[in-house]
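Numbering (numbering that gives the first Met the number 0), first residue to last: 0 to 363.
Think of the hints as simulated: they come from the structure by calculation, not from any bench. Treat the hints with care, as some may be off.
Stated by the list, open to error - Beta-carbon label-pair distances, calculated as ranges:
hint, residue 1, residue 2, range
1, Lys356, Lys84, 48 to 58 Å
2, Lys152, Ala363, 40 to 50 Å
3, Lys128, Gly231, 23 to 33 Å
From the three backbone atoms N, C-alpha and C, an ideal C-beta is built for every residue, glycine too.
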Amino acid sequence: MLAAGAPFFTEASLAQEATTRQGRGGGQRVTPPDAVRIDLNEYPEGPHPEAVQAIANVARFGNRYRPTREQPDLVVAIAETEGLKTNYVSLGIGSSDPLQAAAIAFTSPTRSLVTADATYESAGRAAEKMGVKVHRIPLRATDYAHDVRAMVKADPNAGAYYVCSPNNPTGTVTSFEDVKWLLDNKPKGSIVILDEAYIQFAIEHSPAMEMVAADKDIVVLRTFSKIYSMAGIRMGAALARPDLLQKMRPWSASLLPITGIVAATASLKVKDLRATRRKINQDARENTLAFLEAKNISYMKGPKCNNFMIDVKRPGMEVIQALNDKKVMICQRMFPAYPNHVRVGVGSMEEMAKFQKAIYEVLA
């Protein structure tokens, strides 16, 4: 488990912190039961029935830390899915646990963390809490991808480079050619942390697995929170060569909930689950983006996952509040690099239709 004093940030905890900071409800925002909930990048449909049944089957063994082979079985299932050896897989509580473990393990007060601006805040926040210098490099203005060349220039003695692709909050992708260039040109002894929490919304199999299998200096992060609908059940993994995983272990969770383990294993075994949900997400996303185009509402081009950003042409918090009043909940926190943008999650087609109506009324 993360050592005493180490921070732990998740999408939900970051949202709660933002609500507290803005003086809204003491951090405990009450969401109306009939609200459109597209604020935390959750998948709109619940876990697959096979996963729910697996939880029901194992729940009666909840008095045992490790009833049988639940954890090794999940490691094997992930390794087989990704084409890796089992010792290249380390489980975690979602991907936030291994992400923060990697940020802490491979950086120090003398070896910085280099990340993007804007991107998922967890790694940078965790590093800063541990006294690490964090360099935040603007995304490329042309395609909102990570500017890997500027990231390398930021610090010749960096300990780790964090790349989130598809990126949260922009939904945009940094090419694998850029990731490979970063691996080939980074300082010796540093690590690339590639966060692929949303990769299944874009493609079926990530080429990053070839980099892991080739023993490159890379840690790839995966989660079951998104396309597998397990945000509240918590399960994820780090994929890397064994010596890198070993360095992360003092900062990682060692005992995981059996309910999350068996749900993840069952989900991996469902044929075409990712492809089916990727198509559902794509249809709802493209329908919404087409609406924005038709109404001349600006957004960041090229999103490939279940979130995107809209340029609302005014302080973003004003729009967030106005949508809250209409019971449409989008991301409740702001990203300083884009003060006039708001992040929108992709929900069901019905939810996105309600969002379209509400955002048009607010911006009109």
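Can you give the numbers of the hints that this structure goes against, from lowest to highest?
none
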